[in-house]
Amino acid sequence: EAQVTQNPRYLITVTGKKLTVTCSQNMNHEYMSWYRQDPGLGLRQIYYSMNVEVTDKGDVPEGYKVSRKEKRNFPLILESPSPNQTSLYFCASRSPGNYGYTFGSGTRLTVV
Amino acid sequence: DQQVKQNSPSLSVQEGRISILNCDYTNSMFDYFLWYKKYPAEGPTFLISISSIKDKNEDGRFTVFLNKSAKHLSLHIVPSQPGDSAVYFCAARGINNAGNMLTFGGGTRLMVKP
Chain A
104 EAQVTQNPRY LITVTGKKLT VTCSQNMNHE YMSWYRQDPG LGLRQIYYSM
154 NVEVTDKGDV PEGYKVSRKE KRNFPLILES PSPNQTSLYF CASRSPGNYG
204 YTFGSGTRLT VV
Chain B
8 DQQVKQNSPS LSVQEGRISI LNCDYTNSMF DYFLWYKKYP AEGPTFLISI
58 SSIKDKNEDG RFTVFLNKSA KHLSLHIVPS QPGDSAVYFC AARGINNAGN
108 MLTFGGGTRL MVKP
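If you read the sequences in order, they're chains A and B.
This note's numbering puts the first sequence at residues 104 to 215.
This note's numbering puts the second sequence at residues 8 to 121.
Note that these hints are calculated values from the structure, not bench results.
Computed from a predicted structure; not experimentally measured.
So the derived list for chain B, only partly shown, Cβ under 7 angstroms to chain A, looks like this:
{"no.": "1", "residue": "Tyr39"}
{"no.": "2", "residue": "Glu49"}
{"no.": "3", "residue": "Phe96"}
{"no.": "4", "residue": "Phe111"}
Using N, Cα and C, we set each Cβ at its ideal position, and we do this for glycine too.
The task is simple: from the sequences and hints, build the whole structure.
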């Protein structure tokens, strides 16, 4: 089944403790992206990647890092999480000729 | 300032009637628009899209209308079904980017009552 898989689905952590949210896709898509969803703000792009070793900032990149060492994986790293990063996070991927992203099921992160 | 706005946070419709979800944008450089549907505990799923060179696109019960002069698009669902109850996001893509920057609206929660 074609899908984007994120882990974990739920995570509660403390301020300052480094964490990684993994994302993997099995569709051989070149483009991958991370979004966060907050009430009333819709989905805002954090980082995106157009291919292996090619990444760029989205609208809200502060406090996040990403890497794209392999085509299928695009982890999101929070080096020192803060409470304002409490949010619902989505990873997504697409192929160059298709504007519609395929989204993962989401990761609900709470930073206390 | 949000470039894509969905001014109705929620909408309630009777089963069988028409649902109309609205979306306004401010950036005239947007050239492609998409609607996504999101159920609780799931990621958004692509529903329908429209290019700025068109004013209407239809797919079964779903039709998207684009009014470029008013910078307004709408999603019509006819007839509405209880399974359509979800949050709907509109999104827009700018001409001068690689397509990775989709700007989303804040979403509208649709409730279809049996």
